[in-house]
Amino acid sequence: MKLLYETADYSEALVLKALIEQAGYFVHLDGFNATTAMPHLTAGIGLRLWVHEGEHAEVSALIADTRSENLQDKATDESLDECPSCGSENVVRYSSMWLLPILWVMNLLYPVPPGNRRACRDCGCRFKSKGPTFAGPLRVFLLLWLVLFLTVFAFEAYYFWQEGPGLERYCPPGWFCD
Numbered sequence: 000m001k002l003l004y005e006t007a008d009y010s011e012a013l014v015l016k017a018l019i020e021q022a023g024y025f026v027h028l029d030g031f032n033a034t035t036a037m038p039h040l041t042a043g044i045g046l047r048l049w050v051h052e053g054e055h056a057e058v059s060a061l062i063a064d065t066r067s068e069n070l071q072d073k074a075t076d077e078s079l080d081e082c083p084s085c086g087s088e089n090v091v092r093y094s095s096m097w098l099l100p101i102l103w104v105m106n107l108l109y110p111v112p113p114g115n116r117r118a119c120r121d122c123g124c125r126f127k128s129k130g131p132t133f134a135g136p137l138r139v140f141l142l143l144w145l146v147l148f149l150t151v152f153a154f155e156a157y158y159f160w161q162e163g164p165g166l167e168r169y170c171p172p173g174w175f176c177d
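When we follow numbering that gives the first Met the number 0, the leftmost residue of the sequence shown carries the number 0, and every step to the right adds one.
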């Protein structure tokens, strides 16, 4: 037996094992029982795929072919991050300055999608990419959140701090408002 592949990723090892067995080769997955009994040890122990010495070259070629096919499938003809003016792929994401503090505060609570605004580092051109846009729904959400916050704040200010003739200060049951 000869070592073919070693990984700490459980799912990657199972997919490769199934691929090799489907091609008709015998493969042994070492460390499988230990990592299924104690999943937290997967990174420390690792998983190893072993094949017969005579089949090692053929199985290695099979894995290499599969990986190169996957890379070709992922490659696209047109890049989403390509500058329309100079054709460079050296672009970065950016946000408008008024949105940055709001996004920073919201990012503390949950991740915020980055949007589709790009800036070319070579020519300085700013453009919107062809990918999905998150800025529209994000602006609507921010606006609704701000309106809701201001509405609640206005009602709280009115009921809690407004005292006048004939008006009693609102105090929920069980609260001590004095």
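Misleading hints may appear alongside valid ones.
For each label pair, taking beta carbons as the anchor points, the in silico distance ranges come out as [to be verified]:
#	residue 1	residue 2	range
1	Thr-150	Ala-118	52 to 60 angstroms
2	Pro-172	Pro-100	18 to 26 angstroms
3	Ala-22	Leu-141	49 to 57 angstroms
4	Gly-123	Lys-1	48 to 56 angstroms
5	Ala-118	His-27	45 to 53 angstroms
6	Arg-92	Thr-6	25 to 33 angstroms
7	Tyr-157	Cys-85	54 to 62 angstroms
Lysine to aspartate or glutamate pairs mimicking DMTMM-like chemistry, simulated, CA-CA at most 20 angstroms apart [to be verified]:
#	residue 1	residue 2
8	Lys-16	Asp-64
9	Lys-127	Glu-155
10	Lys-1	Asp-29
11	Lys-16	Glu-57
12	Lys-127	Glu-81
13	Lys-1	Glu-81
14	Lys-1	Glu-11
15	Lys-127	Glu-88
16	Lys-1	Glu-88
Hint data in this document are derived by calculation from the structure and do not stem from the laboratory.
From the three backbone atoms N, C-alpha and C, an ideal C-beta is built for every residue, glycine too.
Give me the numbers of the hints this structure contradicts, sorted from smallest to largest. 1, 2, 9, 13, 16
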